[in-house]
Amino acid sequence: MTSDGGWNGAWVAALDELELDVVRIETMLADERRHAETPPADLWKPPTELGALPLELKPRADEILTRQLKAAQEIARRLTANRKQTAMTARIETGEAVKRPVYVDRAM
Numbered sequence: 038m039t040s041d042g043g044w045n046g047a048w049v050a051a052l053d054e055l056e057l058d059v060v061r062i063e064t065m066l067a068d069e070r071r072h073a074e075t076p077p078a079d080l081w082k083p084p085t086e087l088g089a090l091p092l093e094l095k096p097r098a099d100e101i102l103t104r105q106l107k108a109a110q111e112i113a114r115r116l117t118a119n120r121k122q123t124a125m126t127a128r129i130e131t132g133e134a135v136k137r138p139v140y141v142d143r144a145m
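Heads up: the sequence shown begins at 38 in our numbering, then just goes up one per residue.
Check before you lean on any hint, since a few could be wrong.
Restraint ranges, calculated between C-beta atoms of paired labels, are given here [as the list claims (entries may be wrong)]:
(1) A67 x A47: 24 to 34 Å
(2) A124 x R97: 19 to 29 Å
(3) E54 x A109: 27 to 37 Å
(4) Q110 x K82: 17 to 27 Å
(5) E54 x I129: 39 to 49 Å
(6) E86 x A124: 39 to 49 Å
(7) P83 x A127: 38 to 48 Å
Derived from the structure by calculation, the hints contain no laboratory data. Think of the CB as a built atom: it goes at the ideal place given N, C-alpha and C, for glycine as much as any other residue.
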């Protein structure tokens with residue numbers, strides 16, 4: 038099957054949009070000060086009616102998928118670290134982990 042410019046061009050545009058989404062996530066992960074509560078404004082939506090991926094674009098699609106998976110793993114790692122830090126902070130602030138007297142009156 039030969040690829041015409043329209044079909045191939047549509048796939049290139051779809052991969053460009055998907056790659057831009059990955060770049061946004063990678064940028065957010067690289068910026069320690071960025072707030073996690075502010076998601077990217079334009080969430081990527083898969084295109085419809087494109088048909089099969091042209092073979093010459095498969096390496097690029099595979100590379101984007103690898104980057105997506107790596108970004109997802111990093112997000113999961115950071116979420117886990119945040120949960121651990123939150124649990125530790127909660128124990129320190131409330132004293133739940135260790136029940137010791139804070140003040141002992143030695144005058145008695």
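Checklist entry - Which of the numbered hints above does this structure break? => result 2, 3
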